[in-house]
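**Q** If you want the building blocks of each chain, they are given just below.
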Amino acid sequence: MSEHNPSGRPTGSDAGEEQAVAAAPPGETGVSGGHGPTHREHERPTVLHQILSGSALMSVLAVVLALLIGGFLIAFADQDVREASGYFFARPTDTLSATWTSMTEAYIAMFRGSVFDWRADTFAGMVKPFTESMVFSIPLILAGLGIAVGFRAGLFNIGAQGQIIVGAIVAAWLGFHFDLPPVIHLLVAILGGLIGGAVWGGIPGVLKARFGANEVIVTIMLNYIAVYLITYILKQPAFNPGRTGQRSPAIAADATYPLLVPQWLWPGNGFRLHWGFVVAILATVLVWWLMERSTVGFEIRAVGANPAAARTAGMSVGRTTIITMVIAGALAGLAAGGQVMGTERSLTAGVAASFGFDAITVALLGRSRPWGTFFAGLLFGALKAGGFLMQSLTATPIDIVLVVQSLIVLLIAAPPLVRSIFRLPDPGRPRRRRAAPATTEATA
Amino acid sequence: MKLELQGITKVFGSLVANDHIDLVVEPGEIHALLGENGAGKSTLMNVLYGLYDPDDGQILVDGRPVRFKGPGDAVAAGIGMVHQHFMLVPVFTVAESVALGYEPAGPGGVLRLDEARRRVREISDRFGFQVDPDAVVEDLPVGVQQRVEIIKALSRDAHVLILDEPTAVLTPQETDELIRIMGELKDAGTSIVFITHKLREVRAVADRITVIRRGKVVGEASPTSTETELASLMVGRAVSLTVDKDPADPGEAAFQVKDLSVVADNGTVLVDDISFDVRAGEILCIAGVQGNGQTELAEVILGLEEADAGTMTLDGEDLLGRSVKKRLRAGVGFVPEDRSTDGVVSSFSIAENLVLDLYDTAPFARGLSMSPAKVAANAEQRTEEFDVRHTSVQDPISTLSGGNAQKVVLAREMSRPLRLLVASQPTRGLDVGSIEFVHKRMVAERDRGTPVIIVSTELDEVMALADRIAVMYRGRIVGVLDAVDEDGHPVNRDVLGLMMAGVPLDEAQRQASEHMSALAMADLDGDGIPDALQQGGEEQE
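Protein chains in written order, with this note's numbering: chain A, 1176 to 1619; chain B, 295 to 835.
Isolated chain B (complex conformation) (with noise of 0.2 angstroms):
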């Protein structure tokens, strides 16, 4: 099925998301929609969808302008849509959840589950999904998840798929496995719509790319443009994917971990018995997938969530036991996890949220009485410092871009001394630009000799940025290994990925020797050798 998207408009207020664009997605072929967060992709897969009703353009099915008037008319001309965050009831077995709203039914309306469970398997067999009908959805992890509703979509007779940012909850293993499947998928004949930011898998995997900026098509490109004239073509000029920094020059070890453990109220053990620790000077990246403890042990430094058991000192002195207050004064620098939730008041102007920590300490405030003008002339100069785009410090944050409110943090919590500073996800939802702002400054808290912990679950940033990698899994550390090797090589990616799915580092070492993941075959430089081959090559160096 050919699917055409002519000069497809979307306005939402004055903010035009989509504007004139056209997308052509030929039959079997996996067309990669390639743009920033906020670039307008999300909106054009939910006109595509029949969400979305466009304000202008029309849509094509094999050469016929359709009109979806919502999701069933999308599905019945054989669009099927797998979501960022899946719709799919936890409590219901998979072939429950593929018969949900398309049910079976036998004479007088009985549900045929056996017919729903008879086209999982058929489906599952077909492309080698190896999902079982009757598991529980929440128990299956969430990759498995994934291809159900895949299954889901394609059990609907989806000629053309639309996958929403799939990657973003798959371990590198898990992220292979989709790729495999997307290939199986493709020859089967099923056109597939891959919505990314991420340049490494559109390269593995897609036959053609459309970069979306701004709402508008700003080219075409082959999968065989580099990443970074595909960063380049995204954010509108050319970035630098690495960062540049000088080889670490660690102290001594000034934040130290030992035995600690955080336990749920419902007796889940979140944080179990892990003991590391960062030296003045250096950063510290906990990689691993999403929920696996990173967040506990962020929020654990701060004081936000109390530990159970073990110590925790920052040059000597016990962290353990102070309020959240006691640990930012003395030194402590905390960027969340969740910017909107814990990061800022989104009500309170720029200004306010740039003192949300310090607005009771000198010279902000004589006693109980607040200077508004002190706090103005703080916000003027941390946005200044900090390129923080803005009209005036005195409107609400929640007018900013999630990139500039990301700024604001960094600039609050960067503006006062620190001994240690703890960034978690610190470049999640941000554009390119910001990114690499943001990696810029924690590189410069590091080169003044703070000890930096990143809690990322993006692998190519903690590559990017860390000293050294602490690999979490189901609350342990699984191990601590340098990011550069004493030959100076960096770590090998299909290591760390398998240590994110809890294999300890030697045996991880030796199946990575052994086999190679498709996302590290992927070419970064574009000289026509897969990056993992290239391991002991100069061009590392």
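Bound-form chain A, shown alone (with noise of 0.2 angstroms):
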């Protein structure tokens, strides 16, 4: 509670305060008084709330726009639509069916390769797609999880990225390094994941709180220091024994997440679904209850919201911004435990591949909600896990899934563009309401 802002005012340059300054109605600061058309306080909401605000149905809107513009850029991609098209007047009709062939096969693909694939030989086959979207969205949902209290306390968190390397260099050496009993082993890599992520995230939120310092940019060079720093540590010997190459010793079998479904309970399964999904489940709830039932979440929702006001009600920005922050790298530390303990089983300079990115676009997708970031991490795990599949069979490239993950991000962001599209009101005028946060919570 002690520590303040040096500066005695609250400093300028965050998106905190820009929200603080933007969301004063211009009538209400002035002089006497607002007079303005209507009886109603105004709400000028930024950016960030308008992203956060929207209601599912523009999250739902947003992805199935971008599967369309991804759609056509296949069709562009493919060998056949181009060739037709050479002879696109002779015959218009063989560059529209080419076009719908080269869609629908590579989607249908995507949706055996992420699903259910109704042409593989046994049942289990048939449902281990899905159980790999399940896999890969583990750590986009961990980590969109703290990109999303980020968000809701008006920091941009940049930082997964890092703080999932740090915490996957901290889970794997005790995951590795050590010899504990069953169980215990595992639970203490998971915690050490957990701290080394917490500690990564919580650097930028000391700077922040202490000095001012841009969590964005901070975020985004501790990023850089953690890619060297394991590159770096992967040389040594302790991580890299035998100096075979990029990768850590094996995790020891006590220290790793056990399948969910083990062979014995379902011979010859084959899946990788580990009990890291399970974390990630109980995370969500754990992170629900934070945001809407406990002081902390209100903290951070009162400063995310109006930091002016947080401040003037005894509430300390500066504590909670390092409150989130360290909570944020909490979870993207979890994030790393479930790709080294579950998923790849050791430490690799790519282990947190391009999850901490993902998860920013999780974290919009899912409008920072607790439920919608895990099931838009569902959906990027999906979107992953169907890539290889659709790659192997149409030859389309899995880069079609980044354009749709960017498209993605770029129609949340624009929220305005996405309504004209398909003709939707604008629920900010004439009178705004705040859709119900309920939504896709209910849905879970």
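Heads up, none of these hints are tricks.
Far from chain A, some chain B residues (derived; all Cβ distances over 10 angstroms):
no., residue
1, L299
2, D313
3, D316
4, E320
5, G483
6, F570
7, E808
A short, non-exhaustive set of chain A residues, derived as facing chain B with CB atoms under 7 angstroms:
no., residue
8, R1468
9, S1469
10, F1473
11, A1477
12, N1481
13, A1483
14, T1487
Per the computed footprint, the stretches of chain B lying under chain A, defined by three or more beta-carbons under 8 angstroms from a beta-carbon of chain A, are:
no., stretch
15, 610 to 623
16, 635 to 641
17, 644 to 658
18, 661 to 669
Simulated from the structure, these hints should not be mistaken for lab results.
Glycine included, each C-beta is placed from N, C-alpha and C at the ideal position.
Bring the two chains, given one by one in their own frames, into a single complex with the hints.
**A** This is how it looks when you write it as structure tokens:
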């Protein structure tokens, strides 16, 4: 409580303050008060607020639109379509049917690779794609929750990538270097990863709270540091005893996440799905409780929505910033644990893949609500899982998945664009009504 | 030029801001448009100025219907507007500001500033504005900046001048000057539409008064009507303009401030070595024109701003150096000046806003876990007690009107045992009904024996509420005086007004006895005798 902003006044230059300024209705800041056209006190939402308060419908429409545009890009990249378009004016139907074929084939392959493959020999084989999607979704959900908590506090945490890497280093080291009893070993490794991520996330939090350093810049820089840190560490004897390459020794069996569907329960299922997914579900529930039912969440939401009012009500904005970043980092550390102890079972330089960045998209698509983030993570996991089969079956480059993801971000960041495409009314006019945040939660 | 508005209707969504409003402004009259905040005055004027397109109705200039597609058309038709917030470029000179948007150009598009300068001088001389065309706008006092806006409108041949809440930012003396100018303009044949919610001013200057309530014209009044009559018309029911309160029964000095200074990061002294104390059970009003350090003083009491020197004690305990939370818990109640920025979190529910400072204490939280049921129950109780008009306590507070939102802030701050209440502009932007309510609550808190500090720029509010008045000017306290002297006479408005311009108490009293301002001359009780002349009369007792 005792720490305060060194300047005495809230520092500018961070998203939170801008929100506060933007949230002040122009009339109300006037000297004798507003006498605007309406009785209501207006709300001027910032871009972040707009994105986060958009309805679930907007998220769904953004995904649909992105898939549609992605479909046309698939068609453009397709050899048959290009050949057919060469004689488009002679026989336009060829082009159109080729376009349709390439689009549907690609997406059907994606569906088979991510949800249900009806051509598999066994039932286990048929549902395996969905378990793969779940496996891919674990780090996305966990890191996405971390980003989402940051968004709610008005913080742009771009550092999930670095937090995952540091968490992974700690978790892996605890996992292969020690020999502890079963269960305890796993718990220690999970906790280690969590702490590693929390520390890496806490650094920008402290720097922002104490010195007003912009969290966007600090987290991006810490990402670089983490990337080079893991490259360095994987060259050290302790992490790479045989100097065999960019891979640490395997995690001790006691420290790995057990498979969720063990062989003895369903012989020959071949699923990679592990208990990390349960951790992701538990984390989602916990984050929901934290944000909606705990004093910490109350502080985080108040500081995110209006730091000036939060300060006036006696909350410490700096302390809340640090707590938020530590929580965000801890969740990223959990994501790292899932990768290291569950999916990969050793530490590699690419352990974080692009999860830290995809998680930002996941949190945006989930509108920073815990269950929204959960389902957004599942969707992105499916896109990743489906992408592989799509590439091998239809020769569609897997990069199209990235394009679709990027389009989703683009569309979500521009709600008016989606609204105008689908001819939806602007909820901000004439009277602003907040979409019930419970819509996604209710479906869970 | 005669201006007529016929059946003007403007609808925003489900809100009818203007409902078939008829208004006639005769040539050379000062027509006051009186209404509460949110009554639809500004909407009407924005329609007239071409900023809004009316949904129905028409505008007639000298009997001919006109249609304004934008402010340009309105200006061309001879309508000028001085906005509440001036539309001036701070670094421009007066001449440049006046020329902006209407630049007199010579051959080859060269700006002819001398022409602009000449025009400023000409208008300034004609009406006695005393404005130097080469002065830089940001160096000018607010009152003079306003005159620049008026010159700007007149230089475009405005025959009808709309003044939107022109006195909000002025000292009483500057207001006087404005009233004089309005008289001159009127004599020169310019019509003035004067938008305000201040009754005293209306009665001092207006030839005719149109009262608007909830988007409708509810009546015309003459300047001879009493303030009470006008207020009732404006609010729609009988209101009492004075605050019923017994004389204070102050106890010991409970809150003491000594040699307090606040210096901004850039070295500007915001609060300059001030000392005062507030006794238990009295209301100390901090009067002064906006921006003279009152805001910072209030913030430093709560701990939002750090003091650079001095001491501050509450019941003998040192407050400085404690966190905001500790001061709140020590019993400091704080009603912030800017409700929407500092008072409430607009996306939070009413219930959440009511526990914004107590969310982590019993019964609302046990450990980390909050109890939504307790928070809601508390909200039901408080909204009932403070008469907050709402549909559900789970609705975002942004759905409430300003007055009701302010009641939420009061309900929150006054729901815990207080040892000091600090309220900054507690009635800014509120309707008359809410103002009444807020004032009553403040007095009730005083009667409970709490020391109360009210920061206000509204002289009427200060005079109505205060037991003692401290006037601030440029970060210093110019003087502290009793609101009612030993003989039971209320303090002279002119003395306060002069002190607000930095004149020391003695000098202010001397000057005030020689000269009486137009507003003090205004007749509050409508008995035909100006209030200022009743000083010492038994009516005041």
